[in-house]
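*Asks:* The task is to assemble the complex, starting from two chains supplied on their own in separate frames and drawing on the hints.
The primary structure of each chain is shown beneath.
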Amino acid sequence: MDFGGFDSSGASVRQHRAIKILLAGGFGVGKTTLVGAVSEIKPLRTEEPLTEGSLRSDSTAGVERKTTTTVAMDFGRISLRSDLVLYLFGTPGQQRFWFMWDELAIGALGAVVLADTRRLADSFPAIDYFERREIPFIVALNCFDGARRYDVDDVRVALDLDPDLPIIHCDARSRESAKQVLITLVEHVLMTSPEESAVRHSVR
Amino acid sequence: MPGNDERWLDAEAGPVVRPYALTRGRTRHAGESFDLVATVTSTNALVTDPAALGPEHVSVLQLARAPTTVADIASDVDLPLGVVRILLADLRELGLVAIRTPVTMAERVDKQTLREVLNGLRGL
Numbered sequence: 009m010d011f012g013g014f015d016s017s018g019a020s021v022r023q024h025r026a027i028k029i030l031l032a033g034g035f036g037v038g039k040t041t042l043v044g045a046v047s048e049i050k051p052l053r054t055e056e057p058l059t060e061g062s063l064r065s066d067s068t069a070g071v072e073r074k075t076t077t078t079v080a081m082d083f084g085r086i087s088l089r090s091d092l093v094l095y096l097f098g099t100p101g102q103q104r105f106w107f108m109w110d111e112l113a114i115g116a117l118g119a120v121v122l123a124d125t126r127r128l129a130d131s132f133p134a135i136d137y138f139e140r141r142e143i144p145f146i147v148a149l150n151c152f153d154g155a156r157r158y159d160v161d162d163v164r165v166a167l168d169l170d171p172d173l174p175i176i177h178c179d180a181r182s183r184e185s186a187k188q189v190l191i192t193l194v195e196h197v198l199m200t201s202p203e204e205s206a207v208r209h210s211v212r
Numbered sequence: 123m124p125g126n127d128e129r130w131l132d133a134e135a136g137p138v139v140r141p142y143a144l145t146r147g148r149t150r151h152a153g154e155s156f157d158l159v160a161t162v163t164s165t166n167a168l169v170t171d172p173a174a175l176g177p178e179h180v181s182v183l184q185l186a187r188a189p190t191t192v193a194d195i196a197s198d199v200d201l202p203l204g205v206v207r208i209l210l211a212d213l214r215e216l217g218l219v220a221i222r223t224p225v226t227m228a229e230r231v232d233k234q235t236l237r238e239v240l241n242g243l244r245g246l
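If you read the sequences in order, they're chains A and B.
At position 33 of the first sequence (counting the first as 1) the number is 41 in this note's numbering, and the numbers step up by one without a gap.
At position 111 of the second sequence (counting the first as 1) the number is 233 in this note's numbering, and the numbers step up by one without a gap.
Chain B with its partners taken away, still in its complex shape (with noise of 0.2 Å):
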């Protein structure tokens, strides 16, 4: 189909949506960014201010009791990235999760991780 490439919105686009209620219409998040496959983990804290969080904050906060990654958490809560994004952000500020970027974010993934990776796949 002629200027197919043109056009944003197609099906493979996906559809046209209004932002997030969640995010009380935020699309940016507070603090320092972190990687789709950071690690999460709830820090165990107290909630001090039940209020302050909404359903899709517990949601989020009971999936980081084991270590998790942004990424598994988006897809488990089964909302777009961005929003769990700034959930997470909140969930960071409330004091109740960790983020920790991964080591090998640091920079290109060196050889001994490569030949364990390696061997992994070839075990499988």
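If we strip away everything but chain A, and leave its shape as in the complex, we get (with noise of 0.2 Å):
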């Protein structure tokens, strides 16, 4: 595997960088409404074979391989330099919808767990995969009105998270807390990352 970005030198190779950050949450729980209160929203859809296994029913025996369906997602683009430009991807939590994860995984910043503390249940999906694949997370638990606001200790031991795993309250609708949510995510991220031994003196 070849790793180019920057040369030995240090100077920086002008490189069109692209992050991807994963919003995973239970159906309704305000992915749609996060992404576009922080970025520039757009349409993406995506499909999959339906296979017998994902299906669980023989209706369409015979016919598996002539069957998709689609998927949609919420995709958001935040350009924060001109060579450096963050993508969000939010998908629905649910165990079915791990084949899309497994291709946004790969190489990503990390994830943002959102959950509805009416419905904590719905995000142990998303949480058991991130753990699983030791992809940094955090979670964010999107106040809706009227909701009673449950102290962050409590959800932490109703979903058995690490005592230094950010768990943080938020309105998706804001922008200022969508992106509070974003950078405790990198801030978390920033701190767990090794040291790179790569890094032979520092720029400053």
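The set of hints was computed from the structure by calculation and includes no laboratory data.
This one's a predicted model, so the numbers in the text were calculated from it and none came from an experiment.
Some hints could be false.
Unchecked claim - Listed next, with one range per pair, are the computed distances between beta-carbon atoms:
hint, chain 1, residue 1, chain 2, residue 2, range
1, B, V199, A, P171, 42 to 48 Å
2, A, P51, B, P172, 28 to 34 Å
3, A, E142, B, R244, 22 to 28 Å
4, A, F35, B, T170, 44 to 50 Å
5, A, E111, B, V180, 24 to 30 Å
What the hints assert, rightly or not - A short, non-exhaustive set of chain B residues, derived as facing chain A with CB atoms under 8 Å:
hint, residue
6, D157
7, H179
8, L236
9, R244
Glycine residues also receive a C-beta, built at the ideal position from the N, C-alpha and C atoms.
*Replies:* Take a look at the structure:
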């Protein structure tokens, strides 16, 4: 595998850098709202051939290879600089959508699990997924109007999360709040990522 | 609703559709695979065989005049990702586009880039 980007002299070879951030959560938890609050949101569809396994039904027996299902993703882009663009991909959290995540997760910076405290169990599959694949993530609790505001520590216990994993409250409708969610994720990834041994001298 | 998670076919999963005639039934593309955020750029090579291209190929090619990504193209032409991938692979085979995997895909995002992302977000 070749790895380009910065040459040995440290001079930057200005290449377009695309950073992926995943946003997972149950249906109606506010993924689309959050992506729209902080980025230029664009429609994106994907499709997968339905297999017998995913269908769990014999209603299409014999035509498996002729049928696909279309899934809408929340797709947003944030241009941080001309050569640095952040891409947000919001996908449903349920296990049956993991085929999409397997691809999205490659090289991703990390993930945000957006949760609704009234339906915390909806975020279990996403948390499980990221833990197993060692993809850094944070949990953002979308504060719906009228919903009880749970203490972060209670949520941590309920979700069985490590003490150093950030859990924050957010309002997915607010640009500032959505921004803070992403900042919290990047800070978390920065804190937990190992020091690069490849860096021979610090460049300030 | 009980058993909701057991059902694949629901509103969230989307409609079940026939494969796209655009790809002549193909669901897998030829050649090396490429990421959703791989950079696509038109090579500006001359189209030697216009008959090999459908109108969707041409739309995709036009979008790639300036460097863009696979996901951006899929969104802009309003076609499912899988279809766009096949169209892009066709164009690559004809030498009309170059598809480059982003630097950051090689491994975890490095700390320097993370800091740049952080500063960029704070400055939004």
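*Asks:* Hint by hint, note whether the structure agrees.
*Replies:* Structure-based check of each hint:
1. V199(B) to P171(A): 42 to 48 Å: 46 Å, holds
2. P51(A) to P172(B): 28 to 34 Å: Cβ of P51(A) to Cβ of P172(B): about 30 Å, so the range 28 to 34 Å holds.
3. E142(A) to R244(B): 22 to 28 Å: Since the Cβ atoms of E142(A) and R244(B) sit about 27 Å apart, the hinted range of 22 to 28 Å holds.
4. F35(A) to T170(B): 44 to 50 Å: 48 Å, holds
5. E111(A) to V180(B): 24 to 30 Å: The hinted range 24 to 30 Å holds for E111(A) and V180(B), with Cβ atoms some 27 Å apart.
6. D157: 7 Å, holds
7. H179: Constraint on H179(B) not satisfied, violated at 19 Å.
8. L236: Since the shortest Cβ distance to chain A is 5 Å, the answer is holds.
9. R244: This interface hint holds because 6 Å falls under the 8 Å limit.
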